[in-house]
Every structure is written in C-alpha cells, then in structure tokens.
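Hints are included, so try docking the two chains, each in its own frame, into the full complex.
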Amino acid sequence: MLYDVAIIGGGIIGCAIARELSRYAVRVVLVDKECEVGFGTSKSNSGIIHAGHHSPAETLKGRLVVEGNRAFPKLAEELGFGFERVGEIVVARDPGELPALERLKTLGESKGVPGLELWDRDRLLREEPNLSPRLAGGLYAPTAGVINPYECCFNLIRNARMNGVELLVESPIVGIDRRDGFLSLKTPRQLLHARYVINAAGVGAAKVAAMLGLHDFTIQLRKGEEYMLDKRMKGVVRHIIFPVPSAKSKGTLVIPTFDGTIMVGPTAEDVDDYDISTSDAGAKAVFDFVRTLVPSLHARDTIAEFAGLRAVSNTNDFIIGPTAVPGFINVAGIQSPGLTAAPAIGRYVCDILRDEGLSLVERDDFEPRVEPIPRFSALSMDDKRARIAADPASAHIVCRCEEVTESEVVAAIDQGARTLDGLKFRVRAGMGRCQGGFCTWRCMQLLSERLGLPIEAITKRGGDSWLVIPRLEDEPTEEAPR
Amino acid sequence: MITRTPRSRYDVVVVGAGPAGLAAALGAREAGAEHVLMVDREPEPGGILQQCIHTGFGLHTFEDELTGPEFAERFIDRLTERGADLLLDSFILDGAPREGAVQVIGRDVGAARVEYGSLVLAMGCRERTRGALRIPGARPAGVYTAGLAQKMVNMMGVLPGRRVVILGSGDIGLIMARRLVLEGVEVLGVYEILPYSSGLNRNIAQCLNDFDIPLHLSTTVTRVGGRDRVEWVEVCPVDEALQPVAGARRERIPCDTLLLSVGLIPENELSQRIGARLDLVTRGPVVDSTLMTSVDGVFACGNVLHVHDLVDWVAEEAMRAGRFAAEHALGRPRPRDSVRLVPGQNVRYTVPHTISPDRDQVVMFRVAKPIERATVVAVAVGEEREQPVVSKKIRYAFPAEMMRLELSQADLDRVDAETLRIDVVERPKKKKRKEGGS
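Quick mapping for you: the protein sequence lines, in order, are chains F and R. Residue 354 in this note's numbering sits at position 354 of the first sequence, and the numbers go up by one each step. Every position in the second sequence, counted from 1, becomes a number in this note's numbering once 1000 is added.
Be careful, since some hints might not be right.
[Stated by the list, open to error] Label-pair distances were calculated between CB atoms; the ranges are:
(1) Glu1099/R <-> Leu379/F: 17 to 23 Å
(2) Leu2/F <-> Leu1133/R: 49 to 55 Å
(3) Val1342/R <-> His298/F: 25 to 31 Å
(4) Ala390/F <-> Val1281/R: 41 to 47 Å
(5) Ala390/F <-> Gly1032/R: 38 to 44 Å
(6) Ala1368/R <-> Ala390/F: 51 to 57 Å
Hints were generated in silico from the structure; no laboratory data involved. The structure displayed is predicted, hence computed values, not measured ones. Even glycine gets a Cβ: it sits at the ideal position worked out from N, Cα and C.
Just chain R, same shape as in the assembly (with noise of 0.2 Å):
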C-alpha cells in the first residue's frame, strides 16, 4: 500500500490518513474507484488514533472493543487487501481545483502535482490552546494541550510532570486524567467551566470517578504562576455568563503541569485555500447530502468537517464521503439536492446543509444543552405552514454526544417544502404521583 512514486492521476486523491482518510479510501474503493491515493504528514497510518492505546474504539463498526491502533489496523488491512496507493511523510501545499490537482511535498516524492477525480479532505481537528482561552498569568513551560500529552506519554514514554491540573473535561482530558495515574502522576483535578462535562458519561465514569479524581463544574483556571515552570495554578468558580463570581476565593493550587482539554477545532487552512466555503459554527465546510463541499469534486469528512466524539461515526461518515467521491469521479449521476437543512431548537449545527430526497439521509447534529427525556424532530418549514415529518424519542441528549437522524426516501418524500429543520424539544415531565396519604 505505501508508494514512494505516486501516480500522476488518481481516481481519488484523500487528504489524511487517520480514521476519516482511511474511511474515505476504503469506501471509494468499495464504491468502484481503481485507483485511490492517500497523503499522510505522518511517517505511519492511523493519524491520532496511533496515540489513543487504550479501549472503546469500534464497537458500533466491528461490534468489538479495540484500542485506536487495532481500529486503524482493521482499516489498513482491508484497504490493503483492496489496494490503495499510501504516501507518507507528505504535505499537501496547495490544491488548485480547477485544474483538479493537487501539490504534494515529501521525502520520497520530493515536489510532485497529482490530479483527481475528486478529493476527499480528512486532515482532521486540532486542540484548542491557551492563547484561544486567554488565560493570563505568566508563560513558563508545562501548559500542553491534552493529545500532545498523550503523545508524549503513549508514543514517546516520557511524563509531561508530576503533578497535573486537568482544565477542561473534553474526552481526551478525561482519558489523559486516568493515564497519568496509571503512569504513578497525580491528576489533581479536572476543572470544567460549564456546568455540565464536555466528555462521554461513560468516560466520566471509567477515567474518573474510578480512579477518584475530582470533577470541579462551573470552575475554571483563571491565572498560570511559575517563572521557568508552572508553579501552581488558581481556579475560580464561575457564574451562569462563565464570568469568574465577584468575591469567590480563588485558590491557588500547586502544581507542575496544566494540561487543556477544551475543545478541538477542524484544520480547515487548506479548505480555505481552495475556496471551501466554511460553518461558521462546525468551522468546517458546508456540504451537500453527499458531503461535497462548495468547491465541485471536493469532499469532507472526520473531524475536518465537525468535530466528532466516537471513531465509529467518523468511520461511518467517511465511507459514505468515499463512496460518493468515487461516484463523482466515475461521472455517476449525482443526487440533487433541493431541502435545506437548518439547525431550529436547542440543535447548534446540522450536517449535511442540504439533502436530497432522492436517496435515504443520514443527519448528524449536536445540542445546544443537554435535555433529559427530548423528542428530536425534523420539520418541513413551508411557506404557509410546519409539517413534522419525523420523530424520535430520546431518553437523553448531552452537547457532548453528537446525534444522528436516519431520514429514509419515504420519510422524505412526505417533505413538501424547501427547508428542512432539526428541533430537539423537552417533552412534558410525567406528573409525579403524590406521595404519602392524604
């Protein structure tokens, strides 16, 4: 599979090879496409999941538990078996698609065009820093970001400090929380600034609560101390606006490290470059039912369309993102779409922006707040008047789970109207009954 003399045209080109580039491989392979090429920085495959060596990885996919690099082996093997052209060490500078080309550097091809049929963008997302955040205080070294500690620990076998603050409660804080104990660190705490955690309940559970590392809500480090190296640093409950409370003591705790586990951000610069159109609340590009974004022959998918919290669905969306690279490189009919699809209550963003009813959908989307006992509903916004078109009930909805909403053709066909938008609404309690007599 690894090439050091690509072709000078491929079928499709796929810009990554972490789980959203292999994905997208393997699903243009499947689709019919000969000849598919993927372009990795890295010196080995399986981008991120490489460093994420423990459980939960694949079990919607393979209905087993992997560990990231077993999930990645799982892909190469098949894409292995089918054949796909895998070139490491590489950079794409630049794209032009109107010439439907690419510019690649790396140490075996040295400087080489590759032309496409189309291209798939899978570079994935990167972490949040503290400049993001604007922590003040003072800038010695030990402020890492949660995934280059994880890098460091897992890949490397070295400690990024001995004693840790945790900010932010995103998933890889939280399994970085239980590593470093298991690595014999003290995990001090993890601090979140919402009210509610950031990572799946499930990792709330196993890195934390098992292992008694506190969770503090509604707090956040509000200053970093130490000259050469973090000395301590001072966390302060917040409010409802997530402003610091006037008066609170803040309290300065000693450590050496402060890890950030606050948010990621798809690496769209290359989007950008060849004039994808951006969300601006994904920040990743606007795609159409079959995740081709504003710039014809270019697809998205992984976390460099929106961020998402299990492989499995990052996996799952690339093989539908190959699967349709492959039928617009082969001149397949497209669909066409004509529903927009927006965001309406309580959704923060929708993918895909628009659909077609011409095939069954899949629409994934996150909630503003999490909703216990929520009912998700899609409704045709007509000019006159609103149609539910589907329902489902849903015991929970969390911000940090993204949701899916499977829309089949039938669903669709009762779609009369141009717009389509996603509510997730709070059903009525259930009244309680009175306790005690009288």
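Chain F on its own, in the form it takes in the complex (with noise of 0.2 Å):
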C-alpha cells in the first residue's frame, strides 16, 4: 500500500499537520515510536499560546506565530479542548529593563499583535498585587493564552483519526529508503510506502534525515525543568509572567495553567542526552529566579516536576521545507513557540506538499469537530445530578483528588488512552494531590479490562515502564526474568 503522506513524529507539531491533511482527500499515515501521541517533548510543554511579540518578524517562528495564535479560539471550540485567553505580562525587573518593553511593543505592534499596554509600576501591582513591589513596569499582551499541551495533540490526532488518518504507535523509524518516485519508513514490525513524507521528529529530527544522508541541520538539545505547585497557589497572579527575554530562551515564567494550578519553569540547560530529569539545582535555580517576580511562591508548594527537551536548531529558527530527497520534507528545530505556531504550521505544511506536487482536493465529508469528554468535576450539582441520571457509571467517582468519574476514564479509553499517563493527560485521574496513590490499581483495571489486556501488561507510558509483576511462584519458570 501506497499512503500520499507519512508523518513522522506525534507530537503538537506531527498532529497539527496531520488533523491539517484530513481535510483533504489524500492516505495519510501518522508515526510515532512512543505508545501514545505527545509523550515526548509535548508533554512537558509549558502550554503557553504566545501573543506573538517575543520573535522577530524577519523569521519563520516570528511570522507562523502570530497566525497560530488567531487560529487557537477556532481549533479549541472545534477540537473541545481547553483553551484561555489569560493574557501575559513581560516585567522589567528594574528600570534598566523598561526600554526593553517598549522595543518589544514596537515589534509586536509591527506584527499587528493586538492590545500591547505598556503598564506602569502602579498598574502592574493593581493587576497583579502578588508580584514583587520591585518590579519596575510591565508590558501586557492579552492575547497571550493558555490550554492543555497533551489534551491539544489527543483532540487533534482523534479528530485526525475520525477523518481517516492512520496512527501507527510504537513505531520507531529505523531505517528509510529512497524508491522510484516514493520513499519506504522502515520500523521494527512494519515497511511503509509513501509519496511525501514529513519529518516532524522533534529531537530526532537530525537523525530521521541522516537517514537519507541529509545532514543540512543539527539539533542541539535543551532541557527545561518545571515545577507544578499545589492548587492552594491557585489565583497568586491571574496572567502568565514573563521576564525579559534572553538570548537563549524567553526566561523562567510563572504560568497560571488551564487546570486552575501555578507552573513555574522552564530552564534552559543544553544537553547531550536525552535527559529528563529534574535537578536540585535547576529547582533552586527557578524558585530563586520566580521568587523575584513573585515572592510568594516556594518549593515547598510543589507536587510535581518534570523536565522536557526543547529541540533547537542550530539555525535558531524553524526548519520547515523540501530537501535534496524529492518527497521528504523537514519540519525540524520547533522549540518556542512551536506550540502556538502549530496550527499554522499544518497549514504551511500542506502549501508545501501543494507545491511539491501532491493534488489535495477538500474531502465533503470532513468534519471538524470532536465531542470532548465532559468533566464531571466542573458541572454544576444539578448537571451533575442530570448526567448521573443519564450514565450510571459517572456517579463512581475512581480519582477522588480530581473527582474523575469511571465514566470519563473509559471514554478516555476508547478514545486512544493506552497508558496510565494517557489517562492522567486525558481526564486528569492521578494528577492531583495523592498522585495516584488511591486510583493507579482501578485506573489499571480499567485498562485492564477495556483494552483486553493481563494487568501486567498495563504500562505507565509505554516501552519498559512496566507496573507490575506476577507473583514469584505464578511465574512460567521459562521466562526470562526482566
């Protein structure tokens, strides 16, 4: 089988493109070597849809950003994920900074990024009285929002999938091969054949093209750290804090997320590995920092932290185009703000193919719309009352934390969760203050049983991060121990 195109790589970026082409009428086939969409550097985004006046205009990100912002509040209602025009502010943290402000609000303005205020110290503090009295000024973008990384590429690939794209997960490519007029994806279990083929890789981008002895670009690592504090936080500032940007990243923030809970984070560490780990040191480094802007917050409020890499190009820029290999176009080094140029980078990616040569004609039949799961926790008692009369299983509370019904961790299921960390991005069952401590085992039974799979076999995200063993003497003596 021949498919149009194959995409490699399930994150924001490979979703965004392949919910782009399903509304068309082209075989489209998604890859991802992870067990579900957006378990890699996806999930650890900071979920920020950026304004749009951080990135020069002369650049790709300077000019995709801006769009993809004015495509989010569409893609949201359509896709049934949460989406929150919460607004930022950039502060300066002395009056040194302030000439930054305005530079910064003479380039957005000139990428016609909407509503830049320039707020004085006063100003700032009325809106925000947590931040420090230090603060010398600020600059408030309020389109500047919100939404929930992995619940954004889950909508995304399950609108994709309902308009017939194919998903292929666990699926690492190994190998690609030119043929007369397509190119073959090699994996472990499976040889797929397709007329275009997009790299949307991530951090493996590099690698995906050397396979064809591309070597126009190299992807450095870059780790970010962040820390999750308690719901108590929730309220401690109402927009998402930047600092002034550095050269490297645009800094340490303070993130009111979706969910109602305070983020702290990034760093920017660059590294050899693939390395997600949290250190003491990058801790300190960002409650040290965010303690500037807001003096209020405290490790000692966290109940998460995680870390993701950043693939970053060395052109500093996004690599979005055809190579020497006809077919086999890159869409490489999406670091920040990849998430908010997402959708426009699918609609640059099918102008691309366009161009190259594959027809795509409008399916009549596309629909553009998923139902979302509903969140019990958020009705009202008496939508409550009325979806219990309706569905016996939502009145069977399985997370207790996040009042997450049995019913919404099924639907999670059928929609494509596989994993214990598929049903945590999905319905957040285990997000919340015991960390899975109550409702891991019934989470796994649920799998256990809808997927029609041992208990043992039920991961946490895929690979070898297996949960569970057989007691000792149960084991078939022949199996090799793990």
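What follows is the structure, given as structure tokens:
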C-alpha cells in the first residue's frame, strides 16, 4: 500500500499537520515511536499560546506564531480542548529593562499583535498584587493564552483519525529508503511506503534526516525543568508572567495553567543526551528566579516536577521545507513558540506539499469537530444529577482528588488512552494531591478490562515502563527475568 | 446493613466506613442514635484495614491479636447486630452544613441528598508522595507509596517489583519490607532521613531486624534514575538540618522499585469545603472536647482528625465521636468547653483543642523528639502563675507513638485557668555509681 503522506512524529506538530491534511482526500499515516501521541516533548510543554511579540518578524517562527495564535480560538472550539486567553505580562525587574519592553511593544505592533499596553508599576501591582513591589513596569498582551498541550495533541489526532488518518504507535523509524517515486519507512514491525514524508520527529529530526544522507541542520537538546504547585496557590497570578527575554530563552515564567494550578519554569540547559530528569540545581534556579517576580512562591508548594527537551536547530529558527530528497520535507527545530505556531505550521506544510506536486482536494465529508469528554467535576450540582441519571457510571468516582468518574476514564480509554499517563493527561486521573496513590489500581484495572490485556501488561507510558509483575511462584519458569 | 436505598434523613451520617467510620457508627448507635448511615467509596467496608493482612490489631480493644480484616469484621458484626445503614461505592460530593445535609452520589443511589442531625468525618488519610518530598531525577515507573504497594500485593496478588528500596521508616513501609521479603522480593534497605525511626519499635524489631533488612538512619534518597522504569536510586547521608552532607559520597543503588513511607496526610478536602477550621500541625480539624469541629454538628475522628499509630486508638476515639454525635443529634445537653488546650514543651500538638471540666477527658498528643525518662505534665496557665495539675512518668516518649493523657473530672476541678498546657519534660538522669575502686 502506498500512502500519499507519512508523518514521522506524533508531537503537537505532527498531530497538527495530520489534522490539517485530514481535510483533504489523501491517504495519510502518522508514525510515532512512543505508546501514545504527545508523549515526547509536547507533554512537558509549558502550554502557553504566545501573543507573538517575542519573535522577530523576519524569522519563520516570528511569522507563524502570530497566525497560530489567531487560529487557536476556532481550533479549541472545534476540538473541545480548554483554551483561555489569560493574557501575559512581560515584567521589567528594574528601570534599566523598561526600554526592552518598549522595543517588544514596537516589534509586536509591527507584526499585528493586538492590544499591547505598557503598564507602570502602580498599574502592574493593581492588576497583579502578588508581584514583587520591586518590579519597574510591564508590557501587557491580552491575546496570550494557556492550553493543555497534551489534550490538544490527543484531540488533534482523534479528529484526524475520525477523518481517515491512520496512526501507528510504538513504531520508531529505523531506516528510510528512496524508491522510484516514493520513500519507504522501516520500523521494527512494518515497512511503509509514502509519496511524501514529513519529518516532524522533534528531538530526533536530525537523526531521521541523516537516514537519507541529509545533514543540512543539527538539533541541540535543551532541557527545561518545570515545577507544578499545589492548587492552593491558585490565583496568585492571573496572567502569565514573563521576565524580559534573553537570547537563549524566554526565561523562567509563572504560569496560571488551564487547570487552575500554578506552574513555574522552565530552565534552559543544553544537554548531550536524552535526559528528562529534574535536579536540585534546576529547582533552585527556578525558585530563586520566580521569587524575584512573585515573592510568595515557594519550592515547598511543589506537588510535581518534570522536565522536557526542546529541539533547538542550529539556525535558531524553524526549519520547514523540502530537501534534496524529493518528497522528504523537514519540519524541524520547532522549539518555542512551536505550540502556538502548530496550527499555522499545519497549513504551511499543506502549502509546501501542494508546491511539491501533491494534489490536495478538500473532502466534502470532513468533520472538523470532536466531542470532548465532559468533565464531571466542572458541572454544576444540577448537571451532575442529570448526568448520573443518564449515565450511572458517572456516579462512581475513580480519582477522588480530581473528582474523575469511571465514565470519564472509560471514555478516555475508548478514545485512545493506552497507559496510566495517557489517562492522567486525558482526564486528570492521578494528577491531583495524592498523585495516584488511591486511583492507580482502579485505572490499571479499567485499562486491563477495556483493552483486553493482563494487568502486568499495563504500563505507565509504554516501552519498558512496566508497573507490576505476577507473584514469583505464579511465573512461568521459562520466562527470563525482566 | 448494606443499603441501596438510604432514608432521606438520619440522626448521624458517617463519612467513611474504615476503622474510624465503623467505630463512630457503633458509638452513635450505642449512645441511642436510632438511624445511622455510613457512606464509603469502596465496594466493601473496612477501609485500609482490608489490605492490612498482618497481625497486631486489637490488642487494646479486644485484648486479642487480630489481622486488619478480622479487626474490621468484629466491628461489622457488632454493627450488624445493632443495625446501621451502609452505602457502598458512594461518594460525598459536598455538604451543606447549614441545611444539615450532604450530597451523595453512588452506583446504587445515583445522586441523593441526605439530611443529618450530626455528621461525622471519618475519611482517613492519604500518603505523602514523591512530589511533596521533591526528590529530583527522572520520573520512571516504579515509584510507589507503600500503601499502594500493599494493595497490589495483598489485594491484587501482584508484586510492585523485584529489587526494592524503601524510603521512610513509617509503619506501612516497615510492614511492606517484611511482606515483600516473604514474597521473594529483594528488599535492599530502608532509608530514613531522621536520626530515629518514624515507625513503632515493635515493627523495627519484627519487620526489619528479624529479616536482616538494614535500616539506614539520617540517610535519604537524593535522586531517582531510569528512563522507563526505576533503574537506580541515589542515597546520601544528611546532616542535622536534614540536608545532604556536603562532600559525602552519594551511593547509587541499582533497583527497580522505590517505595515511599514518608508520612500520612489527613484527607480534609471535604472538611474544608464545608468550612471546618484546620490545625496547621495535625492538618486535621480543630475540635472541641466532644470532637466537634468548628462547624456546628460536624464531628471528626480517626486519621482525618490526626494521624494515629494504632487502629485501637482510632476506634476508641471514633466510638467517642459517634457517642458525641448522637448526643448532639438527640439534642442532649452538651458540655461547655471553658479551657483551651495547648501544646507546650516538646509537644507537637494536642487533640482536642478545648476541654470541658464537666466530665472526664482524653487528651491525645505527640512528642516532637524522642525522650528517655520523660514526665508528662498538664499545666494550668493562669494570668499570674502556672500550676501543674497532673503529671505522669513514662519510660520513653517517641514521635512515632501517639500519647494519651486521661484527665479525670477531679483533676480538671483543680484547673483555675483558661489554658491548660501539655509539656513533656526530661527527668534529670540518676547519678551513675562510680565504677571500680579508689
């Protein structure tokens, strides 16, 4: 079988491209090495939809970020994921940084970022009373927002699959061959043929390109550590708080997440190998810094911490376009503001495919919407009663901390969750205060029942992330120890 | 006892049917409450006792050494005789204390509003997690709280891993160390950040020493490694400030599982939602001498009130809470608390927070550090002077052990002050006889 397009990588970029392509009458497959989409860089993303005034207008990312921001309200509405334009404030920590705010404002306005306002210290502290009184002023951007990045991935791919895109998970690409008029992708279990291949392999993009002898760019892994704080810190800031950006990153931020928690981070540390560990030094750097912005933040309020890897290209810009190998298109080096730009990247890649000779004819049966899993905890008491009357499994709470019902967990499994993390990221089961202490077992049981797998086959996030083993005397003797 | 169709009103509604909930329901029935309802999330009563298949329960209550399920069974049997309603697979979403009602949802009831004369909070506690400890490193599978591992092994018949390191010497961790060894799992050691164990001495002896499992005090896990599953943990000795000793060797221990037994936190989300004031130390509600919270008609007992060491004390406290809840529901006269109870020297907290001189009182508290040859003193703190009212000598006082002080009405008659302070002081050491001649 010959696909029109194979997408390598099911992060936010691969998923956005898949969903965009699903509008057209083409055969598309998305191939990902992880157990579920969004399990690489995307799941650790800060979840910020940038207003767009941080990136220079002459760069590709500077152009796509503004278009991406404009696309989010409709995308969120169609795909039913949470999106809120909470707004952002870039704060000047001393008067010396005030000119930088003015430069950012001028840059933003030249790119069409709406509503930018310079706030003096009084206005800043009136809007955000918990900010440090030492700050000198701020630049407010009302169109910045927050989403759950993994929820966005899941719903993009869900919608793409509804519209005919195929998804292959746990399928790392181990080789690519040029054939006559098409390319062949090898995974440990499959051989796939496609006329066009999109390299959206994130931190692995340079390695994938090298499989075809392409060495036009390099990818530097840049680790970012994030710290999630207890819900009692909710409301400490209402806007995303940025420092004045440096050359290397947008800095360490205070983020009111879509779910109402406060997240602080990320760090920016270049690493040589795959490394998503957090560190004492990282925590110290994050909290020492954010306390200069919001003095009441404290490391002791952390309920979870994690790290992710940015894919930073040697051009420091997105690398999107055809290559010397006909049909092989790179979409690489997508670091910040990649999440914001994703919908625009999806469209841009479709344009490139057209230029490269793929005929994209809109399907008349494209369904742009997916039904979100209704979140029980967000309903009013009357609506909860009505839901329980309609669906008795809604009366059974699986995760008590986040008030997640069995009905939501089952819906998440039916929509593609294969792992504990897949459930956690879809319906928040195990994400609250007890961090899964009480619901882990029930979630494992439901996964086992719905997927028809033995309980030992259930994993945290695929691969070798096993959770339990049978009792030792029950084990078949011929099986090698794990 | 199990009901599918609860009444619309009960004298006493108990949230939870673990050891505290069962005992509170029994206490309420014995004190004359006619209609008592327990609501529990699980498909069977008993709470965490059901997974505690080891013995050691009931020594004080029944003068018998029982397993957890046997201990629960005794209460269930007595309650079945007495008659009480039990709603399982159900969850209290919210309460409206001003209306004296709770909102229950559950498989059998759907959504129902139940009115009460008194409400008893008996939700128990949860375990502290890695996130709260802030252990840096990777986030692989295989980091579990000890209680979750206990459920896996004892309820589900599977094992959490093959080579296990345990952080924290809480009782569940100690019990699990032995349990896993009995299942053929390699338990490499128990690491405790404090210079003394947080578990009971009898558990150190019976669960670690008897099985040659090393206990490393003043040592903690400083990092977790492994991409998909735990591959190693890094341990390091700590100083008096509980910080890793500068320059100390950090040892990497290859293992596939890290169990955490690092403390329990009362589950007071519902309590807070209905407006009960919490004590910052116990993280449980502030209660008066009848174990009533700051919300009228709402009582608390067991681990939701403060973390206990023995289930016997949970049951004893909960029986009292049930009795007080029944008295309130039936409109009987209530004691008037006129004395504030405060923790003093070497005492972390006291429960309750106020007492009444009208009747005998039980005070529960914990010490802040281990003390050998201690004296517990209840001191009446007047405006002008302090007057010791009761004192009791004890051989050892350990933070792991909950302490009780019974104050009789006669003792309390002597309190001529608005504040009673509980101190635990070291007795001066006896002079050693000189050894040898000259």
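Confirm or reject the claim that glutamate 1099/R and leucine 379/F have a C-beta distance inside 17 to 23 Å.
21 Å, holds
Should the hint that alanine 390/F and valine 1281/R are 41 to 47 Å apart at their CB atoms be regarded as holding?
45 Å, holds
Just tell me: holds or violated, for the beta carbon distance of alanine 1368/R and alanine 390/F against 51 to 57 Å?
With a Cβ separation near 53 Å, alanine 1368/R and alanine 390/F satisfy 51 to 57 Å, so the hint holds.
For the hint 49 to 55 Å, verify it against the beta carbon of leucine 2/F and that of leucine 1133/R.
The hinted range 49 to 55 Å holds for leucine 2/F and leucine 1133/R, with Cβ atoms some 53 Å apart.
May I ask you to test the hint 38 to 44 Å on the CB atoms belonging to alanine 390/F and glycine 1032/R?
41 Å, holds
Indicate whether the distance between the beta carbons of valine 1342/R and histidine 298/F respects the range 25 to 31 Å.
Since valine 1342/R and histidine 298/F have Cβ atoms about 27 Å apart, the given range 25 to 31 Å holds.
Every hint, counting from the list given before, is met by this structure.
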